[in-house]
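Peer 1: My request is simple: use the sequences and hints to build the entire structure.
For the sequence shown, this note's numbering assigns the number 597 to the initial residue and increments by one for each residue that follows.
If you're looking for bench data, these hints aren't it; they were derived computationally from the structure. There may be inaccurate statements among the hints.
Said to hold, decoys possible - In the DSBU-like style, the derived pairs of lysine-lysine whose C-alpha atoms are separated by at most 35 Å in a straight line are:
1. 642 <-> 658
2. 613 <-> 658
3. 670 <-> 658
4. 642 <-> 670
5. 613 <-> 670
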Amino acid sequence: FFVSITPEASRIGTTIKRLVEDDEQYVHVPPLGMGLGLEVIAEWMKLVGRTLTARQWDLVTKALAYCTLPLFVKLIYATVARKRENGKLLVSHALSYITAARSGLSDSEVEDLVR
Numbered sequence: 597f598f599v600s601i602t603p604e605a606s607r608i609g610t611t612i613k614r615l616v617e618d619d620e621q622y623v624h625v626p627p628l629g630m631g632l633g634l635e636v637i638a639e640w641m642k643l644v645g646r647t648l649t650a651r652q653w654d655l656v657t658k659a660l661a662y663c664t665l666p667l668f669v670k671l672i673y674a675t676v677a678r679k680r681e682n683g684k685l686l687v688s689h690a691l692s693y694i695t696a697a698r699s700g701l702s703d704s705e706v707e708d709l710v711r
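Peer 2: Dropping the structure here:
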């Protein structure tokens, strides 16, 4: 199974480390940073033959200003890479939702975002 926690959840992290017998099963994944986060999203967009408007890139940048953890970057990409007919309004609302969820998303919320 997979567990993702933030450094702010240090008590939870300490408990999980105690429960995991093999240290090799614990992997620290650091934030990507703004530059790499933008680069990764741009490359993924190229792979699916999509481009973003300047306004959409502005929204992506604002979302990344809150968090650049790889899972968060993937959620941003999944949101903006949706079909073209979603339009600016939907992308804007989805990114706002992701940004507002800085403390985390439930499983069902993540599923809703990537569908």
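Peer 1: Against this structure, judge whether each hint is valid.
Peer 2: Hint check:
1. With a CA separation close to 21 Å, the supplied pair residue 642 and residue 658 stays within the 35 Å bound.
2. Between residue 613 and residue 658, the direct Cα distance comes to roughly 33 Å. Compliance with the 35 Å bound is thereby established for this hinted pair.
3. Restraint check for residue 670 and residue 658: satisfied, since their Cα atoms lie roughly 15 Å apart, inside the 35 Å limit.
4. For a cut-off of 35 Å, the pair hint linking residue 642 to residue 670 stands: about 15 Å separates their Cα positions.
5. Straight-line distance between C-alpha atoms of residue 613 and residue 670 comes to about 25 Å, which keeps the hinted pair within the 35 Å bound.
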